[in-house]
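Protein chains in written order, with the working numbering: chain A, -10 to 467; chain B, -10 to 467.
What the hints contain is simulated information worked out from the structure, not anything from laboratory work.
Among the hints, a few may not be true.
Same chains, same label: a pair holds when it works inside one copy or across any pair of copies.
Said to hold, decoys possible - Here are the computed lysine to aspartate or glutamate pairs in the EDC-like style, where the Cα-Cα straight-line distance is at most 16 Å:
#, residue 1, residue 2
1, K33, E363
2, K8, D67
3, K330, D265
4, K406, D132
5, K249, E209
6, K217, D195
7, K406, D430
8, K243, D176
9, K406, D377
10, K402, D132
11, K436, D449
12, K33, D365
13, K33, D416
14, K5, D350
15, K415, D365
16, K436, D262
17, K436, D195
18, K199, D176
19, K402, D250
20, K198, E177
2 protein chains.
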Amino acid sequence: MATSEAKSTRSNVQLKTPKGTRDWVGPDLVLREHIFRTVSDVFKRHGGTPLDTPVFELRGILTEKYGEDSRLIYDLEDQGGELCSLRYDLTVPFARWLAMNTNITQIKRYQIAKVYRRDQPAIARGRLREFYQCDFDIAGVYDPMIPDAEVLRVIIEVFEALELEVSIKINHRQILDGLFAVAGVPDEKVRLISSAVDKLDKAPWDDVKKEMVEEKGLPEEVADRIGKYVGLNGDLRKILELLQSDETLSGNKKVQAGLKDMGLLVPYLEALDVIDKVSFDLSLARGLDYYSGVIYEVLTKPPSQYGPGAPAEAKSDGLSSQVGSIAAGGRYDNLVGMFGKRPMPCIGVSFGVDRIFTILDARRGKKAGVLTREIDVYVMAFGGKDTDGLLLERMAIARQLWNAGIRAEFAAKVKAKLPQQFKAAKDVPLAVIIGQDELADGLVRLKVLGAGDGETDEKDRGQLISKDNLVTEVKKLL
Amino acid sequence: MATSEAKSTRSNVQLKTPKGTRDWVGPDLVLREHIFRTVSDVFKRHGGTPLDTPVFELRGILTEKYGEDSRLIYDLEDQGGELCSLRYDLTVPFARWLAMNTNITQIKRYQIAKVYRRDQPAIARGRLREFYQCDFDIAGVYDPMIPDAEVLRVIIEVFEALELEVSIKINHRQILDGLFAVAGVPDEKVRLISSAVDKLDKAPWDDVKKEMVEEKGLPEEVADRIGKYVGLNGDLRKILELLQSDETLSGNKKVQAGLKDMGLLVPYLEALDVIDKVSFDLSLARGLDYYSGVIYEVLTKPPSQYGPGAPAEAKSDGLSSQVGSIAAGGRYDNLVGMFGKRPMPCIGVSFGVDRIFTILDARRGKKAGVLTREIDVYVMAFGGKDTDGLLLERMAIARQLWNAGIRAEFAAKVKAKLPQQFKAAKDVPLAVIIGQDELADGLVRLKVLGAGDGETDEKDRGQLISKDNLVTEVKKLL
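Put together the whole structure using the sequences plus the hints.
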């Protein structure tokens, strides 16, 4: 590399990761891996098959799937050849895969992968432009609402395994659509009004009503009729009863279909011991276009804590409420069919790993900057005046340990001083210490290192053992 | 979703993954996971710390790092904000991370992640545009050549764990650069000539010479002098001796430095039991600009099999030779310094997972289209006329098993017939069979399913046990 090039690089490059992205290392990565393993264990427990798809898709695959959010899609530059975009979620790639693989009629698939959204990032709250999703979906024709109940069960199992208390808000797209129709919303405004309603978890009713009337041109009395319904939330069975007894609503075909689904769901959620975590919430709308049935969002508090009687400390738990929903999903029976090969009903859930990470990370307390490698044995040599540092001998011992699958390290120095070697071994449980005379007799020293070991260790020279028994002796101590 | 939109999608979209990419599922994914686990176990055994970086970097980070290959970088479209490109390898992002995190003075880091190259794909040979790399690198100041020896040791351990016989071709950039200088190549043509030499593994000397002379304007006698040297390969110690005794060469400062490194390396590779897998090959050049010391490539054959005395079947092993190198790397002491914060010597290796996958996949024999979910217990019900299918009861049993961490499934049908349930359970080791009367007595049947179980199973009704003991009994049998 010519010096001039190196120089030009120096002066121009901003040394950072792109906006809304970050590096992951050390304890953060360990915690994230823990989340992945926990989540995928639950997915496997329910018969999940893993799938991996490319990070970018043909642009046309993503077109017309995300409504307003499409503007957040990252496009690849046209460098000749196909036009591609980074995946926005894992659901559309899964639907594309199902459309391509027509031999598959029923599948539970899971995928853990990064997705990309050109959104306004807020890294402290776990909102990034590159972030992981963990998706579990059930595709195929089954008896109604059985897969829906199992997906809700999967949600509960995941958060129990992560030791996070959660509640699930649930609604039904057909009930919502029917409700809008009954209230008098014209067909072409349903998605617009739906996305206004979806803001009710962040904004008060008056603001949302204002948006409907002033921005979206809805007559005020229509908005008021909507307001009456979307304020309803609480126990699934009670709200269901209330809606069933509302004659205006239940005259609508879509509402009828939705209520029938919810009625089927209740005993299934009881049998699966999920019902107490679920609350019916008619203000839940979900932004994405492709949902067609049950929809849900997971929050980090049991439902009772949101009510008027909630204790003050629950309400003031800033982080959890800032983080927003930590998992969400729903039924999307028409998405696979949009690719034109065959219809395929689907339901699924997506876990927001980075938001879950933010909450678990705050809970464990931060050990900033700790980069731990995990090593079982540190191989060191006595640094007597007449020895040459015994590097080749340390290498040979390390080789012996590596061959047995034991994690071993030695100082990458020809002549390393013993105190330095002990310092480097401070997080390591065992040390093998070699000396020239002992090695000549086929012997090495094996020493258990305690917490906070320092230079004083030089006096305790450990247990003298035969070099040939080293692996066995080390395995006994690990 | 309006019908017109769905229709427009139908007519325009090509239903495929982008060129040079593929989906991964089922046994392929299982094999790939096996490779990841094997490789990362070795990395951890050597004290590796994991790192994860974003899939795209600021474009300037990647500029002037890859020489000719830069044209293969995928750029993101300029949608306002920063200009970004997909990562081309994991080495430059690691160097960027090291430049940013100046508190880190020594680290062994590993990363397993996808990289992107707009190259001509050949999927059958494991050449893709989106492919995984597994990188292990040692950064920091140590005594010379000790990390280099350890990286070569890591390579050998990885392929031993994968049960692949390999050989490592090794060379040194400074020897190569010095050799070019001695032969009479002008400074500004060194990289050009180097990349021509790098083609010697695919093209005969005459073609490479022609490229040097006709395309790159090298005098013929200079090319001939180069040809004399780059034809040398074989036992590391022998070639080293030969070069040391060549007075023309060893008068050059760069050659001297390179030969000194290689001389140090020999006893280290002996102590680590790696020396027999390594051959010195002066034609190895490696394309990337950033290498500054030792460089190496791993091939799937022991060195002797490439020689003139190699058995015919070794030479005719088409797949392995088509796949090309399956791991490669080298020392890059100046890359981190290019970011202008501090110098940081580094050495590393990158494993080409997709090529390794192709070889291991061919070896195991393909079971096409097998999508296996792994389930421990299938919960089924007798389908007597007077029962209602016992769906809620099957759900409750599954819940009991899930709570104990057991992988369980049941038919998602209100009324499922017993033969259908046995068919669905054909890959599952255990069945729990429930009947109304037995349930009333708190009893269920537990049955071990054999290979090829079919309808006949209905006759063997399994062992009757208490429902409360189900988890214990299942765990005994798993």
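Going down the list of hints, with the structure as the test:
Taking the closest pair of Cα atoms, K33 and E363 come within 16 Å of each other only across two copies (7 Å); inside a single copy the shortest separation is 28 Å, beyond that limit. Taking the shortest alpha-carbon separations for K8 and D67, only the inter-copy value of 14 Å comes in at or below 16 Å, while the best intra-copy value is 22 Å. For the identical chains of this complex, K330 and D265 are neighbours neither inside a copy (40 Å) nor across copies (56 Å), given an alpha-carbon limit of 16 Å. For the homomeric pair K406 and D132, the shortest alpha-carbon distance between copies (13 Å) is at most 16 Å, but the shortest distance inside one copy (71 Å) is not.
Proximity of K249 to E209 under the C-alpha cut-off of 16 Å is found in neither arrangement, the shortest distances being 30 Å within a copy and 86 Å between copies. For the identical chains of this complex, K217 and D195 are intra-copy neighbours only, at 12 Å inside a copy versus 85 Å across copies, given an alpha-carbon limit of 16 Å. Taking the shortest Cα distances, K406 and D430 never come within 16 Å of each other, neither inside one copy (23 Å) nor across copies (73 Å). In this assembly of identical chains, K243 and D176 lie within 16 Å of each other by CA distance solely inside one copy; the values are 13 Å within and 77 Å between copies.
In this assembly of identical chains, K406 and D377 lie within 16 Å of each other by CA distance solely inside one copy; the values are 11 Å within and 78 Å between copies. For the identical chains of this complex, K402 and D132 are inter-copy neighbours only, at 5 Å across copies versus 67 Å inside a copy, given an alpha-carbon limit of 16 Å. For a Cα distance limit of 16 Å, the shortest separation of K436 from D449 inside one copy, 8 Å, qualifies, whereas the shortest one across copies, 59 Å, does not. Taking the closest pair of Cα atoms, K33 and D365 come within 16 Å of each other only across two copies (10 Å); inside a single copy the shortest separation is 31 Å, beyond that limit.
When the C-alpha separation of K33 and D416 is checked against a cutoff of 16 Å, the pair qualifies only between copies, where the shortest distance is 15 Å, while the shortest distance within a copy is 34 Å. Proximity of K5 and D350 under a CA criterion of 16 Å is satisfied in neither setting, with 23 Å inside one chain copy and 39 Å between copies. When the C-alpha separation of K415 and D365 is checked against a cutoff of 16 Å, the pair qualifies only within one copy, where the shortest distance is 11 Å, while the shortest distance between copies is 43 Å. Neither within a single protomer nor between protomers do K436 and D262 lie at most 16 Å apart by alpha-carbon distance, with minima of 52 Å and 26 Å respectively.
In this assembly of identical chains, the alpha carbons of K436 and D195 never lie at most 16 Å apart, being 71 Å within a copy and 61 Å across copies at closest. Taking the shortest Cα distances, K199 and D176 never come within 16 Å of each other, neither inside one copy (20 Å) nor across copies (72 Å). Taking identical chains as interchangeable, the C-alpha atoms of K402 and D250 lie at most 16 Å apart only when they sit on different chains, with a minimum of 15 Å there against 70 Å within one chain. Proximity of K198 and E177 under a CA criterion of 16 Å is satisfied in neither setting, with 18 Å inside one chain copy and 70 Å between copies.
Figure legend: structure checked against the earlier numbered hints; hints not met, in rising order: 3, 5, 7, 14, 16, 17, 18, 20.
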